[in-house]
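Chemist: Chain order of the listed sequences is D and X. Reading the first sequence from the start, the letters are residues 1 to 369 in this note's numbering. Reading the second sequence from the start, the letters are residues 1 to 338 in this note's numbering.
Possibly wrong hints are sitting among the right ones.
Footprint (simulated), chain D over chain X, 3 or more residues, beta carbon under 8 Å [to be verified]:
| id | segment |
| --- | --- |
| 1 | 208 to 215 |
| 2 | 234 to 242 |
| 3 | 281 to 288 |
Keep in mind that the hints were calculated from the coordinates and are not lab data. All C-beta atoms in this analysis are idealised placements derived from N, C-alpha and C, irrespective of residue type, glycine included.
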Amino acid sequence: MRDYQIRKILIDSKVKHNSLVKEIIKKNNNSKVYLIDLRDKSIISRFSFREGKETLLLTEFPGDFIKPCPGTGGGYLCCGYLVINQPINCPMDCTYCILQDYLGPSPLILYVNFEKLIQEIDMLNKKADAEGRIFRIGNGELSDSLALDYIGDFSSFFIRNFREKKNLIFEFKTKTDEVEKILRLSPAENIVISWSLNPQNIIEKEELFTATLERRIKAAKLVQERGFKVGFHFDPLIFYPEWQTGYRKLIENLFSSIDTSGIFWISLGALRFPSSLKELIKKRFPHSDIIYQEMIRGMDGKLRYIKPLRIKIFREIYRLIKEAAPQVFCYFCMESPDVWEKVMGFSPSSNLHFQSIFENYCKEKMKKF
Amino acid sequence: MDWLIKPQMKFKMNLENVKLNLIDEDPLFRFSDEEPAKIEMLKRSIETVGILKPLILLPVAKKYKIVDGFKRFVVARESGICHLPAWIVIEKTSMPRLLSLSILANYRNFSISEKARIIRILRNLGLTSLQILEKFGNLIGISAEQFDSYLKISYYPDFLLSYISRNNLSLKQALSFDGLCDSEQKALFKIVSSLNFKGFDVYNILTDLKEIAIKEKTRVGRLIEELELSSLAQKKEFTRSEKIEKIKSRIKERKYPLLTKINAELVKLKGKLKPGKGIEVNWDERLETSGLKLIITISHPQILEEISRFLSRQETRKILSVMLRVYHEGLPNKKNTD
């Protein structure tokens, strides 16, 4: 059950003979199809946010698909994640989404030169193997990993191409319940399907067109029962008057359905955004009041809740998680060492240290699977 | 549509010498900013060389309405001039077309308030937003992206438009009055104009007040009352800059209640430290850096002993550890973050 749909497909004339393009058009016969010449850039700069999210551009990507996660600076710790920029943009519309600021009103983009991506994945695996390392990688940074799965077999592509790459852990990150295609495949130890979670009242108000909490948890339960590893991202944690009750119920709900031994990781991150996004949120989502809480400009220039408040929220969520799942691996996304220290009782000393802690954990976990 | 602006737009007009008392003192359109300095210069010019640029007038029931030249008319009247040179529009034409003539006769980079007044006139003449943008956007220098902003400003009362032009507010700053009701605009106008706030301060305090109102689910007007901003602006015992600082700080305290309380507590604790000469205890008021700062200035060797005594005191360590806890975790009272 999706609340969004592709109404228009734009095909870059360069890829009109690509077999995937033909397949996508065939599967989406309700969408209007246009052949375009992308040398005229103005074609893709005429969209409103809504139109962009209902338009799919099929083209090819000349650059590198795999890049380090941009993370953040200013002394906040980052985990050394790698991102695959495929696809770009998201059909759902979260009020706090950075993509609206980062990409602007643009169409959804799917690069159909998957063969180039396969080469990059192979090269990355060889590098990781040569260095005796494990890299975590995902395609849920510039999009939702599964939101476009209904128009093509993208999840199958990633699972097929990562299954044998034992030095790489691939993560799907989603707010959907699009797991139908995943459920048809046999699980692999290095594939993680993750959900971003928030209380249902926040989902309704701030995560527009996404799956309900119930549907997300149900989907997670299904993939877990199929044998896949799951992950959860309590990110962005949002402060609102009833946040304690909201998150407590969410965590109770989650752990009453999910087997905690099959959780690969759980991340925590509090709401944060650049000030340019604040103006955009005011304009696009006047009903949203999450940006008006007590926020300061952090050391990376982004607006974030004041530290005592973040610590209070994290402590509570972390406590609830650990009560239900003491063994689960938790980490912070873009947090300062003193927040780690105050909440988890320890802190990585640097980004490199953080990466090595994470990597060692992954190696151990992979051995056990 | 006869009022379409065309590249070679021409108006049928006759040049005549018109008796001043036949001219209606209410102009047909009035969108120019009042600029007393310019009026003074115009007065001197007219008294020296007379009126060089004819007015543009529209005959209406045996009298004339001013299409262009209101300032010249006023100065001439004050200077006792009886006859004025004027172009008389002799064709039957629409009001929007006459307005375009008035705009062209005054052609320059219009101010934000002038553009807003032109939009208001066109709205009152019954044009839709789309018609205004399509037919007048280029003429008055408003792009499609900016149009909504100017449209909002066109609903501002006159005193606010005058304030915006007088204080040279940017479009973003001018827009900060949007979303406020008449009484709120009036109250804030009184405060910012009486204290001659700079544009960026106007923007910041208005934005903060609006954000606090959304967060607290109240009205800006209510906040102005609760924070006693109007009475503070009138207080005679403070200087202008003191009043501005106090207004800003009251708003900041309301916007950041927890941060304010924590910083106040830290100041209180710091007061108990009594560090002595050469030592200063400081912190990042955002509470974002990793801890407190101890700044030591050594001006002579004896200070080292003083520092050592201060640091080894049990009381110092006790207070510093409380300060650190407050800095990281806030106040012990649960209510502060609930």
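Chemist: If a hint holds in the structure, say so; if it does not, say that too.
Modeler: Right, here's what the structure says about each hint:
Coverage of the segment 208 to 215 of chain X by chain D holds. Counting CB-CB distances below 8 Å, 4 residues qualify, and the rule asks for three or more. Using a Cβ-Cβ cut-off of 8 Å, 0 residues of the segment 234 to 242 of chain X lie near chain D, which falls short of the minimum of three, so the contact claim is violated. Against chain D, the segment 281 to 288 of chain X contributes 3 residues with a C-beta closer than 8 Å to a partner C-beta. That satisfies the three-residue criterion, and the hint holds.
Hint 2 from the list above is the single one not met by this structure.
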